[in-house]
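Engineer: Here is what each chain is made of, one letter per residue.
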Amino acid sequence: GENVEQHPSTLSVQEGDSAVIKCTYSDSASNYFPWYKQELGKGPQLIIDIRSNVGEKKDQRIAVTLNKTAKHFSLHITETQPEDSAVYFCAASPGDAGNMLTFGGGTRLMVKP
Amino acid sequence: DAGVTQSPTHLIKTRGQHVTLRCSPISGHKSVSWYQQVLGQGPQFIFQYYEKEERGRGNFPDRFSARQFPNYSSELNVNALLLGDSALYLCASSPLRTDLGETQYFGPGTRLLVL
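Chains as they are written, first to last, in this note's numbering: chain U, 473 to 585; chain A, 19 to 133.
Just so you know, the hints here were simulated from the structure itself, not pulled from any lab data.
Model, not experiment: these values are computed from the prediction.
Positions of the beta carbon are idealized from the N, C-alpha and C atoms, including for glycine.
Hints should not be assumed to be uniformly reliable.
To be verified - Capping the alpha-carbon separation at 27 angstroms, the derived lysine-lysine pairs in DSS-like fashion look like this:
(1) 584/U <-> 530/U
(2) 48/A <-> 509/U
(3) 494/U <-> 540/U
(4) 48/A <-> 514/U
(5) 514/U <-> 584/U
(6) 514/U <-> 530/U
(7) 494/U <-> 509/U
(8) 540/U <-> 529/U
(9) 514/U <-> 31/A
As the list claims (entries may be wrong) - Here are the in silico distance ranges between beta carbons for each label pair:
(10) 89/A <-> 584/U: 31 to 39 angstroms
(11) 500/U <-> 38/A: 36 to 44 angstroms
(12) 518/U <-> 38/A: 23 to 31 angstroms
(13) 501/U <-> 20/A: 33 to 41 angstroms
(14) 512/U <-> 23/A: 13 to 21 angstroms
(15) 40/A <-> 540/U: 34 to 42 angstroms
(16) 530/U <-> 28/A: 35 to 43 angstroms
(17) 533/U <-> 34/A: 45 to 53 angstroms
(18) 98/A <-> 512/U: 24 to 32 angstroms
(19) 33/A <-> 539/U: 43 to 51 angstroms
(20) 492/U <-> 80/A: 40 to 48 angstroms
(21) 133/A <-> 540/U: 45 to 53 angstroms
(22) 540/U <-> 83/A: 31 to 39 angstroms
(23) 80/A <-> 486/U: 45 to 53 angstroms
What the hints assert, rightly or not - Over 10 angstroms on every C-beta distance to chain U, these chain A residues come out as not near it, computed from the model:
(24) 61
(25) 80
(26) 95
Next comes chain U alone, as it looks inside the complex (with noise of 0.2 angstroms):
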C-alpha cells in the first residue's frame, strides 16, 4: 500500500518569513496531493491540492509543487503570519475506486511574532 512520509516534524519559523514542508510517497500509481491545516480540537481543513497532471499550483501565500518522477511534493507558505500556526498534513490518493487518502505524519508549524 502507500506510504507518505512528511518532514520536518516541527518547523519554528518568524512572522514574515517563508516556511516549507516536504512529503515523499511511494505508490506510483498516487496522483492526487492534498494538503490539510487542523488546528486544536478541528477536524483537517483543506488548503489546497495538487493532482498528477499540473507540477504546481499556488494559492495567494501558499503554493505546492509536485515531482512525480521523485515521488514527493511540498508546500510552501509565504510571508508566515501568528494564525498559520498549525498542524499541516499532506495525503496522497490513488483516485481511483475507494480513493483513500493516506497520510503523513505532520508537521507542527509555529509562526512566532
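Given the coordinates of chain U, assemble chain A onto it according to the supplied hints.
Structural biologist: The following block gives chain A in isolation, referenced to the frame of chain U:
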C-alpha cells in the same frame, strides 16, 4: 452551506462496550469516508461509502463496521471497544468519484475515550 456534521462531539466508553458515531455529509455529496486519528498522528483511513455501497476498507479489524443511508448520512460502529480505540474519529464527504482524485472535506470529528 453547512459543512460536514458529526455527532456526538465527545464520548466516553468502557472496554468491551459498543459505540455508534454519526455523520451528515455536505448537501449534495454522495460519498462519505471515515478516518481514525490517534493523538499526534495523521488520520488513518477506515472506510469509504459511495451511493450506499462500501467502496474501500482500510486495515482495521472486523469490530469496525459502517453503513450509509439513502440520505447519504453514515454511521460508524465499533464493537468490543479496546483502550487503543481511543482517538478522534473523522468523517469526510466528497461530491463525486473521479479518476483524478476527489476532494474530501472533513467534519470536526468525534473524540472517543475508552477507559
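Engineer: Going through the earlier hints one by one, which of them does the structure break, listed in rising order?
Structural biologist: 10 and 24
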